[in-house]
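Spelled out from the first residue to the last, the chains are:
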Amino acid sequence: MSELTDLYQEVILDHGKRPRNFGPLDGATASAEGLNPLCGDHLVLQVKVAGGKVQEARFTGTGCAISRASASVMTGLVKGKTAAEVEAMFQVFHTLVTEGPGAHPDLEALGKLAVFGGVHEFPTRVKCASLAWHTLRSALQGGGTASTE
Amino acid sequence: MTTVTTLGPAGPAPGDVAERRADFPALDQQVHGKPLVYLDSAATTQKPRAVIDAISHFYERDNANVHRGVHALSERATKAFEGARATVARFLNADARDVIFVRGATEAVNLVAQTFGRQRVRAGDEIVVTTLEHHSNIVPWQLLAAAQGARVVAAPIDDAGDLDLGALSELLGPRVKLLAVTQVSNALGTVTPIEAVVALARSRGIPVLVDGAQGAPHLGVDVRALGADFYVFSGHKLYGPTGIGVLWARREHLEAMPPWQGGGDMIRSVTFEKSTWNDLPYKFEAGTPDIAGAVGLAAALDYVGAIGLPAIAAHEAAVLRAAEAALRSVPEVRLVGAPRRRAGVISFMVGDIHPHDLATIVDRQGVAIRAGHHCAQPLMQRYGLPATARASFALYSTLDDVEALVRALHAAIKVFA
Chain A
1 MSELTDLYQE VILDHGKRPR NFGPLDGATA SAEGLNPLCG DHLVLQVKVA GGKVQEARFT
61 GTGCAISRAS ASVMTGLVKG KTAAEVEAMF QVFHTLVTEG PGAHPDLEAL GKLAVFGGVH
121 EFPTRVKCAS LAWHTLRSAL QGGGTASTE
Chain B
1 MTTVTTLGPA GPAPGDVAER RADFPALDQQ VHGKPLVYLD SAATTQKPRA VIDAISHFYE
61 RDNANVHRGV HALSERATKA FEGARATVAR FLNADARDVI FVRGATEAVN LVAQTFGRQR
121 VRAGDEIVVT TLEHHSNIVP WQLLAAAQGA RVVAAPIDDA GDLDLGALSE LLGPRVKLLA
181 VTQVSNALGT VTPIEAVVAL ARSRGIPVLV DGAQGAPHLG VDVRALGADF YVFSGHKLYG
241 PTGIGVLWAR REHLEAMPPW QGGGDMIRSV TFEKSTWNDL PYKFEAGTPD IAGAVGLAAA
301 LDYVGAIGLP AIAAHEAAVL RAAEAALRSV PEVRLVGAPR RRAGVISFMV GDIHPHDLAT
361 IVDRQGVAIR AGHHCAQPLM QRYGLPATAR ASFALYSTLD DVEALVRALH AAIKVFA
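Heads up: the protein sequence lines correspond to chains A and B, in order.
Each step along the first sequence adds one to the number in this note's numbering, with nothing skipped, and position 125 is 125.
Each step along the second sequence adds one to the number in this note's numbering, with nothing skipped, and position 135 is 135.
Simulated from the structure, these hints should not be mistaken for lab results.
Just so you know, not all the hints are guaranteed correct.
Derived lysine-lysine pairs resembling BS3-like cross-links, with alpha carbons at most 30 Å apart [unchecked claim]:
hint, chain 1, residue 1, chain 2, residue 2
1, B, K414, A, K112
2, A, K48, A, K81
3, B, K274, A, K127
4, B, K274, A, K17
5, A, K127, B, K34
Some chain A residues near chain B, calculated using beta-carbon distances under 7 Å [stated by the list, open to error]:
hint, residue
6, L4
7, Y8
8, C39
9, T60
10, G61
11, A65
Remember, predicted model here, so these are calculated numbers, not experimental data.
Virtual Cβ for every residue (Gly too), placed ideally from N, Cα, C.
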């Protein structure tokens, strides 16, 4: 069960059950839709960008605990970040969920993202964890539909 | 709870069917350190040793192309391939000339849509499907409808997951050029009253395609008795290999339909001015077929035939009843659909745990179930669910499998408590 508890850490279960930043965003300046055709997970991500920084990000939709927790944690972390900083965070996150925490020499730098360190043990769930990030990148690049396929 | 069904003197007792589990090498393994409990047979069944051996034997001894060479191996390969067709014909109670080998049920539906469909369906026409259909019995008709300016209309189901026959009857009007309907729902396990549905459509002069992908392994079919126009199924859901399936059609349709794909084997003569088509079934089998796949499928049908479909069905029904009762005994479990007659499949939800999380957790207990929309998104929309968990059963499924599933569900409930 140890890998399972790595995947379903308390923080993930909590964010999956009670996602933060969940619901429509008034005054959004960009949005994108994310779809995982494999499982039907679907989320809409809205952001408010001003002064070159993400002021706020919120999401709606349906998905598993991993995808909801990922969207919940991400929408919190990106507040106040520039698009370039968001991109850098995404790269850190992507390496984490595909290769595991061992790929990061500086675990401290992962911050809250560290709770996704168990995902790499479950290759079929990497897309669940990544959906929100792909959708956010799509929104920041002008919107549209992001797909994990 | 009754778990034993009494059979006539001809059939083996259901317990004997379960002993066939030892025939399936893939079932004898551990995953994540736990004995494998394979409950995803509706996606694909495991293969008995007899099928694996038949394919190996073909490649080790008889491998050659068919219908061409005069040498010994080509003769043997041709005999094996046509022997396989004869075996399929016996399984369907059909004439071998009306048995077309294809890649699977999906290809068979596409073949019918792009030949028969293009000939028959015109602008303003309708193709009726049902809410129960797999995407493979929806999307090929949408492609056809888009090309012809026709439209696809879905017949509704009730909350139990049974077809609404009254509503279906109303939909089968004069503009309907084809009804495409499944024998068994891959997502809910509903057994449709296929004889009544076929009779209804045929009484209005509407041709019927029956998707037997889930039905053939559990119920079999007698195409002469059923009276449909087309019947399709896949080998890999019936203990055979992937990549081989069957289209059966009424002779008059096969003769009238144009070829689907052009190439070798499907022609009688070719000149640059004009080519003429081969006889049935070869007119629809362009290119070198999946010879070993057909041989493997025949071995699977022989294997099933030796046990007997009625004995398999009785065993599966006993396991299904036990599974349904066991799932209902878990307070957090909610079954999706309660069809009057069920085969092979149970769909369910556990509390507010997303089916994907559930499938990941039970997988770590060695239990393989399917989570998702089961390639039946319109059906999921009907129930307002993005996904369900699905346990599906085959002749090798046991009551121990059911117990292992329930234990694994409790583990998942604990994680999400």
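Worksheet item: Can you give the numbers of the hints that this structure goes against, from lowest to highest?
Response: 3, 4, 9 and 10
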